[in-house]
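Peer 1: Here is what each chain is made of, one letter per residue.
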Amino acid sequence: MGSDYAIEADDLRRTYRARTGWLKPTRTEVEAVRGVTFEVGRGELFGLLGPNGAGKTTTIKMLNTLLIPTSGTARVGGFDVVKQTKQVRRRIGYVFGGDRGLYDRLSALDNLRYFAELYGVAPREQKRRIAELLDLVGLAGRERERVEGYSRGMRQRLHIARGLLHSPDVLFLDEPSIGVDPVAARELRRTVGDLAATGTTVLLTTHYMAEADELCDRIAVISDGCIQALGTPAELRKHADGFRVVEVEAYGVPDTAVDTLRGLPGVRETAVEVKGALQLLTVHSDAHVDVQGDVLRELAGIRLGRVNSREPTLEDAYVAIVSAA
Amino acid sequence: MKTIRLMAVGGTIAYRALFNWTTPGMFVGTLLVGPLFQLLFFAYLGRQLQVADDRFYIVGNAVLTASLACVFGGTMAVANERRYGTLGHVLLSPRSRTLIFWGRVLPYAGNGLLIAVVTLTVGALLLGLRIPLSALPGLLLAMAAGSLACGFFGLTLGALGLRFRDVWVISNVAVALLLLLTGVNVPADGLPGWMVTVGQWLPITHAASAARSFAAGEGFASAAPALGRELLVGAVYAAAAVILLKIFETESRRRASLDTY
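Chains A and B, in that order, give the protein sequences.
Under the working numbering, the first residue of the first sequence carries the number 219, and numbering increases by one thereafter.
Under the working numbering, the first residue of the second sequence carries the number -15, and numbering increases by one thereafter.
Bound conformation, chain B alone (with noise of 0.2 Å):
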């Protein structure tokens, strides 16, 4: 029960604490307004190339959507500590810092599912896609894994934050690559091999692939792989977070890099 609380009261604690766009404007403008636009923008520029049709473009876009808020939020998890001056008072807590941190990313994973949503939802009724209703489960299951692995990922990048001072470039190279090599905007077949190789250990691309198998009205029997690889790959972001977590505030003390930010 502890564990939990930590994890949900903690982590929904930590997020009005920590996340920058968590005002009305900045809400709606960075994580709503402007993926959509992104979304259209590839949607056309798709139908214009007939590179491929309005619902690989949707669904992908829709999913990728949730990066944002996840990847951003991760990295603002653990940078923003340093700003406020907060980090060191919470290293000093006895408690795990697996749950501690663990429970940061429940609540992007969730803000990315919204967004997600929201996008598709919008995306959809704009551009005409007409999606069966039974798919509706599969999708939101398929957008809630890809949240979810990209809250951990987001959270790696974050803990890059106890190390490196400008962890915001490497935040903002991760939504690019994310942008590029998920195949959400460029079919994997259309990319080199290192470039999929890469994508398949990213989160979303998993994700955005189960997401077009249930929209095309496909069976949870045709998604589940790729469901249950994006649901690995987020494992493994939850297990390098932790891990690189573990290892830089063992640095920190022995370094005191925590004080040269």
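Next up, chain A with everything else stripped away, as it sits in the complex (with noise of 0.2 Å):
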């Protein structure tokens, strides 16, 4: 390989055009990328953050030869990945999240030796190579089982297992621990780490922040299709120096109380997760401004539960710099 970088992004972009209806059709774009420029180095491990529809996937896929971007160039390993695929898919990996991409009906063995001779393993070699990757991924053992038995944890790791087959100099891993349980994505990340360790240029893609600080050398977040920061975890987290975070678990608290945090002195950014009855309020703050008790005023008559006040996370980082999108 020639070049300096594992991958090469240069202004990629991409339109999705979409005609609705027969006799009246309405055509929508969506510009799903719109100028996407980096660089990931040899051997680095390198994450790709963003909301639901940032336009995570799309860029992967342009970088995997599967979409042809609109407009901007991409290079992996060296080569274009528009007009040279064939050595692009030669020496990439491409591992998706979720329950799909794999044959049912087949067992984990016939999967990976039907790919194996799809991405050119040399017979003498699958043999090994899948027992290899079997061992790596914990499902020696289990490889005659068909497919449609597994658990989705398992099903991952035999993505991660297909994705390797030929030795890829690349993997691209798209949400790869999707619905997985902690244990199950604790063996993955695990297993992307070692990957890692031994040279193979990552890309990985999550909602996971914990996974992205734990595994990556550097991070770009991605919104609305444009990349709004990228450094490594340590860097990232610099843009939520001079916050603070309150976290109260609540239960039943309205839309209007939300508003009315979102309005009091010095908090920035205001996000309301729910766990089933309970709802977890994470209110952003000016460091200087103490906001704890002005929020528990609002939140009078309302049932607590914990209420914790902290230093910022690379979450509270990348919320920031979404929010801030």
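These aren't lab readings, by the way, just hints derived from the structure by calculation.
For clarity, every value in this text was computed on a predicted model and none was experimentally measured.
The reader is advised that the hints may include incorrect statements.
When the alpha-carbon atoms are kept at most 20 Å apart in a straight line, the in silico PhoX-like pairs for lysine-lysine are as follows [as the list claims (entries may be wrong)]:
1) A:K493 <-> B:K(-14)
2) A:K345 <-> B:K230
3) A:K301 <-> B:K230
4) B:K(-14) <-> A:K304
Assemble the dimeric complex from its two separately framed chains, guided by the hints.
Peer 2: Now the structure itself:
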């Protein structure tokens, strides 16, 4: 490979055009990615973070040759993703989260055997490589069971094994831990970390800040199709410098109360996360303003649980970046 | 060697992964029993209407039975990839699309041949049709040609599944067209000219004609032209499938149509 970088994206843009209706067709255009530029070094573990619909998957699909950019260029391993697709495909692996993407009626072994053929793994290496990967992802001993009986965590691990069959230089992981239980997610993180340690370049998209914080050398935060911030986790955390965070567990907080909290002096951002009957209110404020008393006063009469005031985390920085976009 | 391996091993695994009717119940019911009753229906109808003799219907319908596995199999070979969400991973393969998808046709063609042989055997036994032993190799050849041509026809329809969501509608219509236009149940001279012309470019038409020649005890020389035409039709569909797959794959990258299923 001639390039200094494993992945180079230069002003990538992608617009989706859709037409609905026959007699009076309506055409809609959505700009999913609007000028994304970044580079990923060889052996780097690079995170792409963003809310749903931010353009993460579209960016990955342009980089792995499944989508042609509307404009801009991208190279993987020094090869153009539009004009040199075969060269790119030989060097990449692609793993996405979710239940789909595997042949349910086949065993894990047959799934891997099939994709080993498709990805050009030499016949005499296939057996050894598949055994190695089954061992790596912890599916050894279960490989002859049909995939339809696999748990989501097992499917995810099989996805990763499939993505690694041809020992790719670059691995695209699109939300690999989505819907996976915490123990399985930890195992996945360990596997991904091990891969990066062996020199594989990894581009990871995820919603989970802890995952990105633990794994990634650098992170790009993408929102509305644009990169809003890019740096190491420590650098990104600085976006939350000067913040203070108050978290309140509450039950039955009306929207009007949340709006009132947003209007309090010193409050920068308010978020509500619903966990069953519980609402977790997160209030970001300027560090020099203590808003905890005001917040609790506004929530008077509402059943409250734990109240916590803390320093900002990477997640808070992420919220700050995305909110400012 | 790698090419043969991709087509043989890849095709076989893909068949097991994507063909919906591999369970014994589905296979026997859908691919063996159903077509046999269809054969009996047309044979008795032919006797009643005195349009043609039993050999005409038994041999013709036996060749036609291959179409069910081949047309729907070819469609499943592409459309079910979308169902399982695996199409993107297949398209990320750096290997030849032509080999990958042609390899998928082979098990369906083999399946079709098996069904045709079983249907012919059972149909002939039930209705008392005597076929000379010397005709068997030729019959097998005609049925194999018909199955292969039909497999590529199915793959062409399956390729449409890269572009159109409701590709099963096309497959259902195609099976009905084969029943009508291939001259298997309605002799060609009883059809309007345009239907005969369309039928000439469908699989099974010439294979059924060749098989009837063999079953009548005519030699290879008599059946060879029809056999050649069947193989030509198969080659045309093989090329058409590859071209359509290429066009629709490129279009899917441009229009993101793989994600709109």
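Peer 1: Compare the structure with the hints numbered earlier in the document and write down the numbers of the violated ones, lowest to highest.
Peer 2: 1, 2
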